[in-house]
Amino acid sequence: MSKNTEFVKFDKVDKSYDGKVLVVKDLNLNISEGEFITMLGPSGSGKTTCLMMLAGFETPTNGEIYLDSNPISNIPPHKRGIGMVFQNYALFPHMTVYENLAFPLRVRKVQKDEIDKKVDKALSMVSLSGFESRMPAQLSGGQQQRVAVARALVFDPAVVLMDEPLGALDKNLRESMQYEIKHIHENIGVTVVYVTHDQGEALTMSNRIAVFNDGKVQQLSSPDKLYEEPVNSFVAEFIGENNTFGGEVTDISKDVCKVKLQNGEILANPVSVTSKGDKTTVSIRPERALINPKDKMDNNQTGKIEEVIYHGDHTRVRLDLLGNKEFILKVPNSSNELDLKLGNEIKVGWNSQDARALDPK
Amino acid sequence: MSSETKQILTTDGIPLEISLKKAERKNKIRAFLLVAPLLLFLIITYIFPIGEMFTRSIDDKMITNMLPKTFKSMETWDGKELPSEEVFASFLSDFKILVEKKEHGKLAQRLNKEKNGFNTITKKLFRQVKRNKIDETQSIKEQIMKVHKRWRNVEYWQAIKRTAPPYTSAKYLKAMDMYLNEDNKITQVSEDRRIHRILWLRTVEVAFFVTVFCFLMGYPIAHLLATLPMKYSNLLMICVLLPFWTSLLVRTASWMILLQQQGVVNDFFVLIGLVSDDNRPEMMYNKVGTYVAMTQILLPFMVLPLYSVMKTISPSLMRAGKSLGGTPFVAFWKVYFPLTIPGIGAGCLLVFILAIGYYITPALVGGASGTLISNQIAYHMKTTLDWSFASAMGLMLLGGVLVIYWLYNKLVGVDNIKLG
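If you read the protein sequences in the order shown, they are chains X and C. Residues 1 to 361, numbered by the numbering used here, are exactly what the first sequence covers, in order. Residues 1 to 420, numbered by the numbering used here, are exactly what the second sequence covers, in order.
Chain X extracted, bound-state conformation:
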């Protein structure tokens, strides 16, 4: 069975609220059936607007959105059959958990015994059986969240939208809810469009991530690719931690280029530079730079320790390296003892493959 790779399709969608500023610019995005896709970006990047357009609460200024090949711009929200989980859960406070879950079924005129069955199933899916007669206010944040998820799924929608659903939960609960939602998605195979500004959430849950900035999708790819191979300096900066050097390309071949910095020169992987003289920002993940490397590395530099921050499982070391005073290293908290003292000089090395020469900032 081949899955529809254009189950949800944004086709040249523009959106403006005031006729002056485009919040979403020329968005083209295909979402396949059963996919878990995350829209990730800083606030104001247009990701929630996209979700609202898909749900039907906002109309695209230009372009069209297709759901299963049908244009949906003229279909009102209640006829789209899209489930939605809201940021603040939006549970109906005057209804019990059962009534909340039965609401979408009742408006669809489902038979009473059928409603009971479906509500039962949905509640057991989020492990909240037996909570039917509780009021939302009597539930904890995590439980309310799960009721909201169950309610968005109980009427078997083709697509479920989630708008920062875990934003209000504390860290531990958020992590366990991430896995729970992921498992529910895997079990029932519904298409999920998830909006968040939390990159950790996006990386753990999604099949694919669309990184939004300034109304545009900067990169759309799987979580690992996004982290390992960011295509521009915004994505590199936004996802995970990142050490950067600004410089100019002095020599370039197929897989390696020489970048001249203010005080020094490094070898890097030419991602978005093409010719000599290009300005560039070189990005290196902190865990890819090693202290006192045993193997031979393309780049070997010496840095001075500016700050040591203890983080439990690892220690973060801030170095002054090649004029960058914010060069971060992550040292795993293992038995080998390094002399990490302020002011000490240490040797640091990394491969040119891991130093990605991206567009200049």
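Do not take every clue at face value.
[Unchecked claim] Incomplete in silico selection of chain X near chain C, CB under 8 Å:
#1 Ala55
#2 Asn88
#3 Ala90
#4 Phe92
#5 Pro93
#6 His94
#7 Val107
#8 Phe155
[What the hints assert, rightly or not] What the simulated footprint calls covered on chain C by chain X, stretch by stretch (three residues with Cβ under 8 Å from a Cβ of chain X suffice, anywhere in the stretch; the number is not a length):
#9 312 to 322
#10 329 to 336
[Unchecked claim] Computed beta-carbon distance windows for the label pairs:
#11 C:Ile44 <-> X:Gly130: 54 to 60 Å
#12 C:Lys231 <-> X:Lys361: 33 to 39 Å
#13 X:Asp18 <-> C:Phe244: 33 to 39 Å
#14 C:Asp12 <-> X:His311: 43 to 49 Å
#15 X:Gly200 <-> C:Thr227: 32 to 38 Å
#16 C:Met230 <-> X:Ile291: 52 to 58 Å
#17 C:Phe329 <-> X:Asn88: 20 to 26 Å
In short, the hints are calculated from the structure, not lab data. By construction, the Cβ of each residue, glycine as well, lies at the ideal position given by its N, Cα and C atoms.
Keeping the supplied structure of chain X fixed, place chain C upon it in accordance with the hints.
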């Protein structure tokens, strides 16, 4: 014993409860002192006057003090035949004191209220007493009975006896168009004199419909206020509040200008040909005027509680209702409306209670068919000076409001009220 052994002590050995009380005492005193002025104010301006009104409305001590001996000797009288010589004698002695104090007129007035005809016979008795025509060595009963034939009628003596208790419910009965007849039975006044009951019913009717109109008009306004962007909603809020900043009299007067037969509204109707010039409808000095003016004046009291409740309803709830498949109407009716009930309750209660005691507007635009019970109260306060009757009606109004509040509490629950 067990409770003593469980008693928790502080590190210094003082029982925890005592220590806590000591620590909290200062705060409690400070809190009390802060509210004390308000409490005093309430007692002086609210509780005390209501108590005063209540005693005034049932007070009948005046006559009790006028005829102390008479009532004392009447205690043993069975009230079936004419009283004994002793009663007549004590009555005469009481009466003489009143004559000396020149208070016999008041007595006549009060007795005449109880039974018509006392005025004449009291005056006759007064003349006899004044001229010292009554010889106290002879039978006083015989002599008084000779003054006027009504003194020989047992019904008049029964009437005197009925005034003996220091308290009376007569004013309350009067407000319900009823009175106590000769046999101490509650009786309705004749049909053509029943004015109060009509007024009570009209008051409740007007208050009810004004509440309904305020609700119908206020709900959409409040919704608009709660959902519009700030810069528009502020402007609209000022429009809603503007009536609050205008004098009630000015507002009522402007309604008079608008609604009178040669007024703006009628002119407009004639202009667009809705009515002919010589057939202008009367929109004032009747119920229509009362409804229109009171609805406008009380509208803010409906809008504000509704607004404050609607403001707290997250817009995502309506969105959730729609995204789950509810049509806009279903989402409104099943999700939004039930959540506004606390505001509806508060607004309706407020408007109804204010409307039920409304005075100035019905007085000015109500005319004969648009006056309410409060106008009657004012009439008795200012014109007839029957303050005890006015007090009785005022208290009945207060009682009615309390009953409504109680009913409301049973139906909706006072905890659900949200005034803002």
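Results for each hint:
no., hint, in the structure
1, Ala55, "6 Å, holds"
2, Asn88, "6 Å, holds"
3, Ala90, "4 Å, holds"
4, Phe92, "6 Å, holds"
5, Pro93, "7 Å, holds"
6, His94, "5 Å, holds"
7, Val107, "5 Å, holds"
8, Phe155, "7 Å, holds"
9, 312 to 322, "holds (count 7)"
10, 329 to 336, "holds (count 4)"
11, C:Ile44 <-> X:Gly130: 54 to 60 Å, "57 Å, holds"
12, C:Lys231 <-> X:Lys361: 33 to 39 Å, "38 Å, holds"
13, X:Asp18 <-> C:Phe244: 33 to 39 Å, "34 Å, holds"
14, C:Asp12 <-> X:His311: 43 to 49 Å, "45 Å, holds"
15, X:Gly200 <-> C:Thr227: 32 to 38 Å, "36 Å, holds"
16, C:Met230 <-> X:Ile291: 52 to 58 Å, "55 Å, holds"
17, C:Phe329 <-> X:Asn88: 20 to 26 Å, "24 Å, holds"
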